[in-house]
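Same order as they appear, the protein sequences are chains W and Y. Per this note's numbering, the very first residue in the first sequence carries number 1136; after that it's consecutive. Per this note's numbering, the very first residue in the second sequence carries number 1467; after that it's consecutive.
These are computed hints drawn from the structure, not numbers from a lab. This structure is a prediction, so every number in the text was calculated from the model and none was measured. Built from N, CA and C at the ideal position, the CB exists for glycine as well. There could be a bad hint or two in this list.
Simulated restraints, written as ranges between beta carbons of each label pair [claimed, not checked]:
hint, chain 1, residue 1, chain 2, residue 2, range
1, Y, Ala1703, W, Trp1201, 25 to 31 angstroms
2, Y, Asp1567, W, Trp1201, 37 to 43 angstroms
3, Y, Arg1764, W, Trp1201, 24 to 30 angstroms
4, Y, Ala1703, W, Cys1198, 35 to 41 angstroms
5, Y, His1745, W, Phe1137, 31 to 37 angstroms
6, Y, Gly1523, W, Gln1138, 27 to 33 angstroms
7, Y, Glu1612, W, Gly1209, 46 to 52 angstroms
8, Y, Glu1725, W, Cys1198, 48 to 54 angstroms
9, W, Glu1172, Y, Arg1764, 33 to 39 angstroms
10, Y, Asp1601, W, Asp1207, 53 to 59 angstroms
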Amino acid sequence: MFQIRCPYCGPRDEPEFKYGGQAHVAYPADPEQLSDEEWTRFLFVRDNSRGRYAERWNHAAGCRRWFNVIRDNGTHEMVGSYRSGEQPEEAR
Amino acid sequence: MDPNEHALHNAPFLWRNPEPKASYDAVIVGGGLHGLSTAYYLAKNHGLTNIAVVERGWIGNGNAVRNTTIIRSNYLWDESAAMYEHALQLWEGWGEELDYDILFSQRGVLNLAHNLHDERESIRRVNANRLNGVDAEWLDADAVKEFCPIVDISPEARYPVMGATLQRRGGIARHDAVIFALGRACDALGVDIIQGCEVTDIDVVNGRVTGLQTSRGPIAAGKVGLVAAGRTSLLTAMAGFAVPIQSHPLQALVSEVYEQVLNCVVMSNAVHVYVSQAHKGELVMGAGIDAFNSYAQRGGLHVIEEQMSAGMQLFPQFSRARVLRTWGGIVDVCPDASPIVGLTPVENLYVNCGWGTGGFKATPGSGWVMAHTIATGEPHALNRPFSLERFETGELIDEHGAAAVAH
Ligand SMILES: Cc1cc2nc3c(=O)[nH]c(=O)nc-3n(C[C@H](O)[C@H](O)[C@H](O)COP(=O)(O)OP(=O)(O)OC[C@H]3O[C@@H](n4cnc5c(N)ncnc54)[C@H](O)[C@@H]3O)c2cc1C
Ligand SMILES: [Zn+2]
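Next comes chain Y alone, as it looks inside the complex (with noise of 0.2 angstroms):
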């Protein structure tokens, strides 16, 4: 064995904490999954490693650490369907390249119909799907208590169960440990990965950036890719411009360890909740954000409330868990709940934000087209649709009524 090799599996910690340089090719703004896979690509791909990931707390604070893991590219719209498949592709073979256990487990994702108008837009968005190279099957009522024994589709239900649609590719995978995989991987490309660093104003001259203001002093910089998440907003303001975001909390909660009762992901828009089972056996449930804007990681129990009784409706079985732990995080929300990835009105500034409630299926991917971006100063051909300009040119991207919303 490689000795270097040897002592990074051995290593006390998976990354330095190094001192920020006075001055960097790149930096990246926000060490979440996506500002810690642009890096990644940047350096991986494009071999630029003069570069930084500044982070105000430390990384994997924010979303990437709060969501609920659901990984799926079953979407209905051509642009929407190629880059969360691209996305879904690289994490098929993401463990490996990154030589971490990330516990990526393609369990399948079903998407509930219970009604008419549920079950053709489902069958709609199924044929979409195949179209586009997306796997897709509908399931009948039967088919989908064969594949998911424990959901109730009796006919007497509140909402009952007409049917599904299927993604078997679709599944979960443990969000930390793509942290520490991408944290390691980054440092080892020669990565400096900042925490406690918190950007406080960004220099721009002349329509061109060419530095940050921190907690921990000046950063000059040759490019700086924003990708903050639920705070991008503050961080465009300081560049002059704005974003058509708003930060709202959504929350998510886990109940005590069970044994293994749920094999896969059931998603429902109607009843609206989500849930899996996490590989240690907590049930994992989510559903909408709360309504009003927020920076405060937190929202309202009555939301909690709803989220949970929706999953009661469609498995009686669990009114006797109980409730180990509920959180909020803040996501950047888009008014045609499509991301934004691109170029910015300031000179070698650039932006990867607005996945509001469901940017952890698209991590490797979002990296991918982020650091093409930065690297080149062109969109790559998967994130060139998903442009600020979009809301200019009218070509929005609506997945909000394309039925498998959140998530």
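Bound-form chain W, shown alone (with noise of 0.2 angstroms):
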């Protein structure tokens, strides 16, 4: 179990959070013009690399917002909390 920190609430237990999967992924501004690989790659492949990750968490059990984490999924180690909407530099 690890410690997450909400931009809104502070670090709280992680069982408080859901987890939301690869952060900063846009729904397709043009979604007619995708081919089926295209479609292929947006609703079923989300990056899977090892090392600093950006994903998002919702504080379900708390303020219930979304925002994005960027944790080494090598490690567990929290490298920082940053609400939605925002892109830090180590986003990817």
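Mind assembling these two chains? They're in different frames, but the hints should get you there.
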């Protein structure tokens, strides 16, 4: 179990949160123009690299807001967290 | 007795530790159960013996020996039933074939139903299984109690047991013994098992794989099979493509050693736990994945707590059992909870992954169809539906909602 820093409420234990997967995956700007391969990518393929990873969390048992976290998924080190809509340097 | 056979049985080690050769006809990346099983059938069924298994650690350091060893074939969809039933039939003769006591015990697997929806889904699955020639029965609560006397079926239970599906041919096996058996069998067939050899890059020339860069130097290869479970995405990235996989921790635990009290495997999706008792006497329990991505082979204690409280709901007497050890593995989860076994965008490069939380049971069948795919360059009829393209065509094999999900 790790601690996650909600940008609105501060640090809380992991069971208060729900995981939302890779951050910064934008809905396609022009969905009708997408090829089948591009749809596959958008629907099913998410980054699964090892190391610093930008991901979404929801403070489900707290303020219930979505935000982003950068975590090293090889070591579980918490690098930082920031509000949805923000794009820090480290976020890929 | 043949003197060679004698030497084999009395050898201090079950397999050699050879230096990698400069080149092989085929190289399997990943020395877990599926990698070794693939190499075994490449040699045995297809006569390919100039082949190697390269493993970054020691063989069986990954999910191969971290799993809870549940074996069954009662999947809902036709494609899965065919794949897992073929594997189960191979299990039924494997100990003898490999000449090793793998402690395969067909003690029966119960999947409990706790509400009307569970009950309907379970009966639907029993019927689907029967149509596919997979043994399956529906038991009502009293019959569950008779089959497995220590389950609490009282109506006051937080999640009352309304019945269960039973696959009598399901059960457990000793995972490390399977690694030993396959290591020895591969070696005897001439396969080089190269441990401590991490693949760091994949050579692709004009869309075709030509070899591997490893921590023990370059190895040329006519064909390459990636069988790396939770680390598959890291390898496919080296070859220039992505697979729809997310790597998650999956945890399990064992209790101290007790007298035999549990005579079968009990699984419950609603309460979210599965339990069996090892031959030695430890209660073995597992549950669902940790939600986040990880390569760290560990997860949160709250997940262990949840699975233990679920276990205690079903078996009140476990409240006095003590945990000996918990651990985690990294599982390769696919969006439709089914594996990917087949061709890739790179010629002569094949992939076998996405077994996620439930690949132990598939070990012999997975190796069988992967070996066929590598040897012939075409998928076997059993793994044809489990292609990478299914995510583009939409022909998913959705075993997530299909009851009896995890393991
Ligand atoms: C806690 C837990 C419980 C489970 N319970 C069950 C169950 O009850 N029933 C069931 O059917 N399944 C179960 N599973 C799933 C099952 O364990 C896996 O699906 C199966 O073991 C995966 O195949 P494998 O043995 O080949 O994987 P692994 O043993 O993980 O093999 C992959 C190998 O590839 C190697 N590798 C990776 N990258 C490289 C590289 N770059 N170079 C060289 N080598 C590399 C790794 O070191 C590893 O040895 C469970 C899994 C876990 C973690
Ligand atoms: Zn909050």
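- Message: Tell me the hint numbers this structure goes against, listed in increasing order.
- Response: Hints 2 and 10 not satisfied by this model.
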